[in-house]
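Trainee: Chains A and B supply the protein sequences, listed in that same order.
Per the numbering used here, the first sequence starts with residue 1, numbered consecutively.
Per the numbering used here, the second sequence starts with residue 1, numbered consecutively.
No incorrect hints appear here.
A few chain A residues that don't get close to chain B, going by computed Cβ distances all over 10 Å: (1) Gly-29; (2) Glu-116; (3) Ser-203; (4) Thr-333; (5) Gln-365; (6) Lys-390; (7) Lys-535; (8) Asn-538; (9) His-548.
Straight-line Cα separation of at most 20 Å, SDA-like style, residue types lysine to any residue; simulated pairs: (10) Lys-291/A x Tyr-8/B; (11) Lys-134/A x Gly-31/B; (12) Lys-134/A x Gly-121/A.
Simulated restraints on C-beta separations: (13) Asp-293/A x Asp-152/B: 35 to 43 Å; (14) Ser-6/B x Thr-374/A: 33 to 41 Å; (15) Arg-168/B x Asp-112/A: 30 to 38 Å; (16) Gly-220/A x Arg-176/B: 46 to 54 Å; (17) Pro-72/B x Glu-500/A: 38 to 46 Å; (18) Gly-177/B x Asn-188/A: 32 to 40 Å; (19) Arg-189/A x Ile-180/B: 19 to 27 Å; (20) Glu-48/B x Ala-515/A: 53 to 61 Å; (21) Arg-168/B x Asp-21/A: 51 to 59 Å; (22) Arg-168/B x Glu-225/A: 55 to 63 Å; (23) Asp-21/A x Lys-16/B: 50 to 58 Å; (24) Gln-356/A x Thr-19/B: 48 to 56 Å.
For the record, the hints were derived by calculation from the structure and aren't laboratory data.
Even glycine gets a Cβ: it sits at the ideal position worked out from N, Cα and C.
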Amino acid sequence: MGNLYTGAEIVFKCLEDQKVDYLFGYPGGAVLPIYDELKNHPSIKHILVRHEQGAGHAAEGYARSSGKPGVVLVTSGPGATNVVTALTDAYMDSVPLVCISGQVPTHLIGTDAFQECDTTGITRPCTKHNWLVKDIKDLPRIMHEAFEVATTGRPGPVLVDIPKDVQFAKVKYSKFRKKKKLNGKALNRFNQKQIDQLINLMSKASKPVFYTGGGVINSGPKASELLRELVSLTGFPITSTLQGLGAYPGDDNQFLGMLGMHGTYEANNAMHDCDLLINIGARFDDRITGKIDEFSPKSKKVHIDIDPSSINKIIKVDLSIVGDVSDVIRSITKTLKKKNLNLEKSNKQKISKWWQQIQKWRTKQSLNFINSDTIIKPQYAVQRLYELTKNQDTYITTEVGQHQMWAAQHYKFNKPNRWMTSGGLGTMGYGLPAAVGVQVAHPKKLVVDIAGEASILMTMQEISTAVQYNLPIKIFILNNQYMGMVRQWQELLHEKNYSESYSEALPDFVKLAEAYGCVGIRAKSPGELDEKIKKMINIDKPVIFDCHVDQDENCFPMIPSGKPHNQMLLGPKDQEENKITGKGKALV
Amino acid sequence: MTKSKSAYSAPSKIGKLDTHIFVIWVDNEAGVLARVVGLFSGRGYNIESLAVAEVDHKKNLSRVTIVTVGTPQVIEQITLQLKKLVPVHKVANFKREDKKVIFKEMALLKVLGNQVKIKKAISACKKFNPVILDKTNKSIVIQITALRREIDKMSKNLKPLGLISVSRTGAVAMTRGAEIFN
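This is chain A alone, in the form it adopts within the complex (with noise of 0.2 Å):
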């Protein structure tokens, strides 16, 4: 006869099977049997937070930069709907998250009871799968189940909700056995054919790119070698989302820089005038697709996911694969090698033109500003922030706005993993809690958040957090005193009209570090820059740096939504040609 367990103990034991090191959470009434639990497992940390929005950002973090699924622990009521953005920014950027909820008991589950909440139906539409243990001989194989779902196929959030009175009810634990095939389970539903068939478009193609995506980093680090394999054999340009950056090099020449919105010049000018567009692991977001009708109109499409809803979803697509980013690259370079070893030079021969294209295309520097010596420009702020710490392996968060777009454009991440943005959500206050993640998950890195002063405020308690675990993050705000997004949208769009986006009495942010017992450091002029970004390096506390940036600079290029991927907004710098040439404002 086995023993018999408390729920309590079950979760435990099951975290512990699925090698859990780390939770992120915030007791309560309704968890705290699994609190009191927690001192019998010494290999299983607790990072308390302050805020539970602040658990699921870090438990976010956490795995995106290990690999791991983030494990995150919540009471009843408020605290599963403090969860919930977490929950759907994990959800929007496929981030496989397991959170744990207490419940109240049962026969007071309907009654309106303290703290009551019906998380599971509040979840429902921003998990994967969610689960209310009503009885525990459930609790093992759904607490197993709960990771396997998050993890397997495309990744994502899964909530387990579990009343208190589960908590204290005792069964037998069995090991886990895989049993039935889940759904989320079914990966690769590709054939030799279909790979055929693109090396066939592959070799037919004479203006081809590449358009990666966060599938390639879900898909781990092998993707990410593969893909660099890959895009060498082929010589193709490669193009990636905001979400796959670091999959591919960032300094490398094939590299186009990131597409979209406010991607580069030359990279959305490819991608609307190429004939083969080979999507890798993303997912056609209407950030990047601009205009729908007038969408690469000229290309063959293939797309690679591993999601088949994602297919024909948005963009109705010539050719695509069902699988795992790294098993179909890998039958890709494995047939191109196998089948045509010329293949490699006379592709090169073929699309030496379209490459001299993409040059002429990239003279235009699209990134280019017009920098300063009186005030700090914050895309300089972020050059120089790459520059003094490229030599080291750092990992970068950031929140949502324009400081976020900057980072994207002038951080060139050469590893996956090291790059933590909310994209699909666009979560402001995602960045601080993130990097907490992160330093859990590599204590030796240098781990930075690139910030805006506004999105900072909406998750500043958890700096208290990195300060009592010791986790040295560096918040590094460039600090406007806008909302910059939003007042670049009234710029632009609302005649100047810059409703409720200037931020008044912003606090002193050196000040508000030392009160939170870390480091504050302010640069205000572009002199004291550079050695104000190296003692902050240099700091092994938490450091909240206040740059303060030109209040008026715009993110560019830009496409206006509505518009196509050739009808770029550029930078001031190329607006002022224009205006010689009488060109007109802004447009190519």
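Mind docking chain B on chain A? Use the hints.
Mentor: Just chain B now, kept in the frame of chain A:
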């Protein structure tokens, strides 16, 4: 340059709309219907009718039949999104015009009136397998099975004969011949 006033793109042309019938096999567990229906409402798909009941007690399987309207692209999305739900085992979908599939709805009709009107009501239902479930001097309850539009028509025709209450199910579907859904 005319500027888009929104941070979002304008809608593009809407394609041709078709009526489709989805048949979905799901685990019969708490909340499963909410997952299926929530997927439809959350992604802006229509539900014209819905029928659901357990069909295999041993395997704990329920069969959901949903009638919906959408462009071919939307219909494909519905299929793929449904298949992603963890408790969903199998999804089939048919065009309403599909000759290989039988679609039926059931309706209960209550008619109040004198014997003449009631007789007329019964004969009006003749084509639709009428079953008389209850009868008094002044009233009758008739069960009919038919297509949606036929029942629509019947409810209209029976109004002058004293129809005062209609209760209808959603459509259920089955393939003709020896074939089964797969």
